[in-house]
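Hints are included, so try docking the two chains, each in its own frame, into the full complex.
Top to bottom, those sequences are chains A and B.
Everything in the first sequence is counted per the working numbering, starting at 660 for the first residue and increasing by one.
Everything in the second sequence is counted per the working numbering, starting at 15 for the first residue and increasing by one.
Since the hints were derived computationally from the structure, they do not count as laboratory data.
Here the structure is a predicted model, which is why all the values come from computation and not from measurement.
We put the beta carbon where it would ideally sit given N, CA and C, even for glycine.
Wrong hints could be hidden among the right ones.
[Said to hold, decoys possible] Here are the simulated DMTMM-like pairs of lysine to aspartate or glutamate, each with C-alpha atoms no more than 20 Å apart in a straight line: (1) A:Lys757 <-> B:Glu117; (2) A:Lys757 <-> B:Glu73; (3) B:Lys56 <-> A:Glu704; (4) B:Lys56 <-> A:Glu662; (5) B:Lys56 <-> A:Asp666; (6) A:Lys701 <-> B:Asp102; (7) A:Lys715 <-> B:Glu117.
[To be verified] Short derived list, chain B residues pointing at chain A, Cβ under 7 Å: (8) Pro54; (9) Ser57; (10) Leu58; (11) Leu60; (12) Ile107; (13) Phe120; (14) Gly121; (15) Pro122.
[Claimed, not checked] Reference excerpt, derived from the structure (chain B facing chain A, CB under 7 Å, subset only): (16) Thr114; (17) Glu117; (18) Gly123.
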Amino acid sequence: QKEVEQDPGPLSVPEGAIVSLNCTYSNSAFQYFMWYRQYSRKGPELLMYTYSSGNKEDGRFTAQVDKSSKYISLFIRDSQPSDSATYLCAMSAGNTDKLIFGTGTRLQVFP
Amino acid sequence: GAVVSQHPSRVICKSGTSVKIECRSLDFQATTMFWYRQFPKKSLMLMATSNEGSKATYEQGVEKDKFLINHASLTLSTLTVTSAHPEDSSFYICSAAGPTYDEQYFGPGTRLTVT
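Bound-form chain B, shown alone (with noise of 0.2 Å):
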């Protein structure tokens, strides 16, 4: 399968600062990425819908000016968590997927810590 990298992989930052998360497709050209947020024991909760050089399509109860979504590239895309409060402390995955979307390749995830 296609290699998806995130970076970083585990952060912590104080309540008010803003973190920024790097998702890469290494190996292919990622039409559309996927950012989703997983709380312990719980399933993976898709947030956004972002295709390379256009604007974000968040789901329903997401913050668009709070979670910033720039796909700039096939191969990049990130998230900045704003004015981070520790209620956004959780487990951000992204996807990369090509033209379909039935067959996504994840990242690592990244652990985002708020104190």
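If we strip away everything but chain A, and leave its shape as in the complex, we get (with noise of 0.2 Å):
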């Protein structure tokens, strides 16, 4: 079993719809997460970080963390077609252990 699980997708919505990105884990040592979009051909840029269970909101996103499920979701409200990229979900156990990553969901919205 993988450390984090994520959907490959792709996850196609139209714009304005609302998106469900989920990630599971195995190790209950994580403590952080986070949330980076990655657009082709580029490197990932960081959205989200959580520490704690419950909601983070910034914006049209909002980042989740369940750890009694060990699983974290990041909501994007009123898609756009600029929010069409890959976005992988990243973990740590610590804040100076490395970051292990999901294989990412590309997500297409189209107009």
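What follows is the structure in structure tokens.
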């Protein structure tokens, strides 16, 4: 079993839709959780960073962590074509431990 | 977020030659830099972790003599792919972090093609 599982997609939604991206993990030691956005042929860009269980909101993005279920989510409200990218979840056990990435979910938002 | 640059963005080289990729943190001092490799439709695979002024720590299965990493300053790390072969063709991405690794800032990546 992989440490981090993420549905590769692709996920195709119309503009304005609410998008839900998810990752599950098996290592209960993970404490830090991140979401990165990666456009084609570019490096990942840090979108959201959370430490505790619960929700964190930043504009149209909401990150949710449920440590009891070992499940994290990223919600995108009012999705735009410019949100079309691959979204990678990442997590680590400590703030000096390496990040473990999911495989990424490819999202396509069509006008 | 912090800005990390990589150079070159794309390189094509012949089999047997060596290629150097630079990673620079432009607006902060990166205590630690990471080198990743990414295959199409796959996640990032950590190759090595480098701290300024010390030897890099390589992940299991990564040949340290083939992938030479130098982290000479708090703003510059280099990855040299020695005696490149076609199977080394990939997307190489660096990231930079401060004293803690939880917030890493990634470079734009370097596409290496070995012919």
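Consistency of the hints with the structure:
Taking the CA atoms of Lys757 of chain A and Glu117 of chain B, the gap is near 11 Å; set against the 20 Å cutoff, the hint holds. For the given pair, Lys757 of chain A sits about 10 Å from Glu73 of chain B by alpha-carbon distance, which is consistent with the 20 Å threshold. Distance restraint check for Lys56 of chain B and Glu704 of chain A: the Cα-Cα separation of roughly 17 Å lies within the 20 Å cut-off, and the hinted pair is therefore satisfied. Between the alpha carbons of Lys56 of chain B and Glu662 of chain A the distance comes to roughly 15 Å, so the proposed pair stays at or under 20 Å and holds.
A threshold of 20 Å between alpha carbons decides the hint, and for Lys56 of chain B with Asp666 of chain A the separation of about 12 Å falls inside it, so the pair holds. With a CA separation close to 19 Å, the supplied pair Lys701 of chain A and Asp102 of chain B stays within the 20 Å bound. A C-alpha spacing of about 16 Å is found between Lys715 of chain A and Glu117 of chain B, which places the hinted pair at or below 20 Å, so the restraint holds. Taking 7 Å as the C-beta cut-off, the interface hint given for Pro54 of chain B is violated, the closest approach to chain A being about 11 Å.
A distance limit of 7 Å between C-beta atoms decides the matter here; for Ser57 of chain B the minimum to chain A is near 4 Å, and the interface restraint holds. For Leu58 of chain B, the interface hint holds, the least distance from its beta-carbon to any beta-carbon of chain A being 5 Å, beneath 7 Å. Interface hint status for Leu60 of chain B: upheld, as the beta-carbon distance to the closest one in chain A is roughly 6 Å, under 7 Å. The criterion of a C-beta within 7 Å of any C-beta in chain A is met by Ile107 of chain B, whose closest approach is roughly 5 Å, and the hint holds.
Satisfaction of the interface hint for Phe120 of chain B is found here, the shortest Cβ-Cβ separation to chain A being roughly 4 Å, below the 7 Å cut-off. Using the Cβ-Cβ criterion of 7 Å, the hint placing Gly121 of chain B at the interface with chain A is satisfied: the shortest such distance is roughly 5 Å. Below 7 Å, beta-carbon pairs count as interface contacts, and Pro122 of chain B has one with chain A at about 5 Å; its hint therefore holds. Interface restraint check: Thr114 of chain B against chain A, minimum CB-CB distance 4 Å, threshold 7 Å, status holds.
With a cut of 7 Å, the hint placing Glu117 of chain B at the interface with chain A holds, because the nearest CB-to-CB distance is about 6 Å. With a least beta-carbon distance of about 5 Å to chain A, the hint placing Gly123 of chain B at the interface is held under the 7 Å criterion.
Hint compliance for this structure: hint 8 alone is broken.
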